[in-house]
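K.L.:
Please arrange chain B on chain A, whose structure you already have, making use of the hints.
Here is what each chain is made of, one letter per residue.
2 protein chains.
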Amino acid sequence: MTDRIVSAPRLRAFMERVFAAEGFDAGEAAQIADVLMQADLFGIESHGAQRMMYYHHNLASGSAVVGARPEVLRETPVSALIDGHFAMGQLTACFAMRRAIDKAKRTGVGLCAVRNSSHYGIAGYYTLMAAREGLASFSMTNTGPIMVPTFGREMMLGTNPMAFCMPAEPVPFWFDASTTVVTLGRVEVYAKRGKPMPEGWTIDGEGRACTDAGRMNASILSGGMGGILPLGGEGEMHGGHKGYGLAIMVEALTGVLAQGLTSPDMSGAHGDHTSHFFLAFDPAMFGDPADIHARMSAYLRRLRESERAPGQARILTPGERAFETQARREREGIPVEANTLAELEQIARALNIPGLS
Amino acid sequence: MTDRIVSAPRLRAFMERVFAAEGFDAGEAAQIADVLMQADLFGIESHGAQRMMYYHHNLASGSAVVGARPEVLRETPVSALIDGHFAMGQLTACFAMRRAIDKAKRTGVGLCAVRNSSHYGIAGYYTLMAAREGLASFSMTNTGPIMVPTFGREMMLGTNPMAFCMPAEPVPFWFDASTTVVTLGRVEVYAKRGKPMPEGWTIDGEGRACTDAGRMNASILSGGMGGILPLGGEGEMHGGHKGYGLAIMVEALTGVLAQGLTSPDMSGAHGDHTSHFFLAFDPAMFGDPADIHARMSAYLRRLRESERAPGQARILTPGERAFETQARREREGIPVEANTLAELEQIARALNIPGLS
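One line per chain: the protein sequences are A and B, in this order.
Residues 1 to 357, numbered by the working numbering, are exactly what the first sequence covers, in order.
Residues 1 to 357, numbered by the working numbering, are exactly what the second sequence covers, in order.
No lab work stands behind these hints, which were simulated from the structure alone.
Output of the computed footprint for chain A on chain B, the stretches with three or more beta carbons under 8 Å from beta carbons of chain A: (1) 66-79; (2) 142-154; (3) 191-203; (4) 229-242; (5) 256-264; (6) 294-303.
To give an idea of the interface, some chain A residues facing chain B are shown, with a C-beta separation under 10 Å as derived from the structure: (7) Gln259; (8) Met296; (9) Ala313.
This one's a predicted model, so the numbers in the text were calculated from it and none came from an experiment.
The beta-carbon is built from N, C-alpha and C at its ideal position, and this holds for glycine as well.
Extracted from the complex, chain A is given alone in its bound form:
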């Protein structure tokens, strides 16, 4: 099989078919597919169709449960603690962010901590829900252990991404980043392509720089020593301790605050039984929302129009490339890699449903 361009509606329909066949009702299947499609439309292939096989395994093993429903355990006008009961992370996360949004609309701010969830896709998906209603928001999750602490060699922290979004024109300021140098998804993509990684992304069990993506991916998935470095790299010279600190912050706001599992207690690098944190607030508490919106847009424009480094065609602001990619992929389709296509066909056969083609 070779790489192929698949139209967005066709890929979406396939994903919905898969999740319906897994046992989800139509609304749930559409919701899960929408999160994955957003990743593929934004060009974040590591979190789109590429993850279908992972979810398929999760559902088979029972680490994500069809029919489970998130439950609110504690609630105040500004907060909720939610137990996901191991429902698909996308469903629980939508439920939790919806609640944070509703609270923000009533009181100005809503904070939701979630435990016993599962892999929820791209953190930033949920911040778009808030942005569509004029709210600023955070979304964070812990994940299975994958990051080594500064000066350590044991995977003790997840990729632990943090997303933040604030409405702006022509596209929102949409920031979504792991607190590692790179995500496991990137390592997987290099491994699938058989390409060496740049130095400074991972260290092996002996604490040496490792560029072998296949070996590193296998080691991470088997829970060996070594792992991905924090944003800022090895040691403290280039701020690796800052990435490490940000990752602990995400852990504090997710696994600790929600009284769920922390990364090292999760099974598998992607992490079952993840915890999430959502915070939405209304900028209108602080002033005329149109004025704040215009200021955000103007500042982002100034960044894009500032002096470029020699040889650089363009200065981007976070989210810009994602929305451009979405516009293009909605017109032209989504490139899907051969390896991923093969996995999708395998899933279709296992579920006895029509494949992509």
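P.N.:
Relative to chain A, chain B alone:
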């Protein structure tokens, strides 16, 4: 003059004397000095006595104003918008975080956006105020332009630090980091010592790596092209776009949200007319606070006790070294560099008050 060890009470008394002579009342002078002393006690020399001359100049030039009082412009039970009226940043920030704490105690959460402030010292000082009352909190500020965007060469963002603190034993999880690879303070310290910087911290006006701290410091202070790189370094290969994104996030939550100045409109690299953001919340909204506290402490301990990389004596957690340094410096005194000592003596002469000695 050579480097010298100064006892903490003596240094504190000197700072209070200076700010009293500048025109602040005793309570204000003690408050400002406490923020600077916390930096020196924690071993963050760049933000302690070393900054006295900067504040002295700010007060002389009127970019920080003696006698100014912060004013609440808008308020809800969970939020406040505050105008600092160019009071010393430490005073305005204490006022704002106090308000966020009070709101968090009544409603569960408090968000305060502040504009027209001035340099407020270490971001993390204010999160300690919340931690002492059992609350988790964020503190952020924008600063004068110093960071170049990913693929850019014009300073369009500040050091834009973010601090987060969550109570724990034996010391809180205390994270306080600029979103640049390094702070201007670090560059200044290298410049004062005449030492070259590591590669990957800054780029010059032609977009080339620059290790000359003196030249870079002068260029930054004069507003030339080039500047400090975002956390993650140059380009996107090692996540420089993440540090850049985090810096914009801080800008969005400070200058934009508070409708103050954004970094490129500030004069001077440290930044007058800064904006801040504070968020405090009560973990008790989400569960038994003693349980959450115990979970945080246990997770931090696990990190410290995890497998070390070869040749490393120790794995730290954020805040640990700072609190240890404080304990030592309270016993043994604070090392003050010769250059800084000379500046302190100069300030004492200018204000006609007794010097340190």
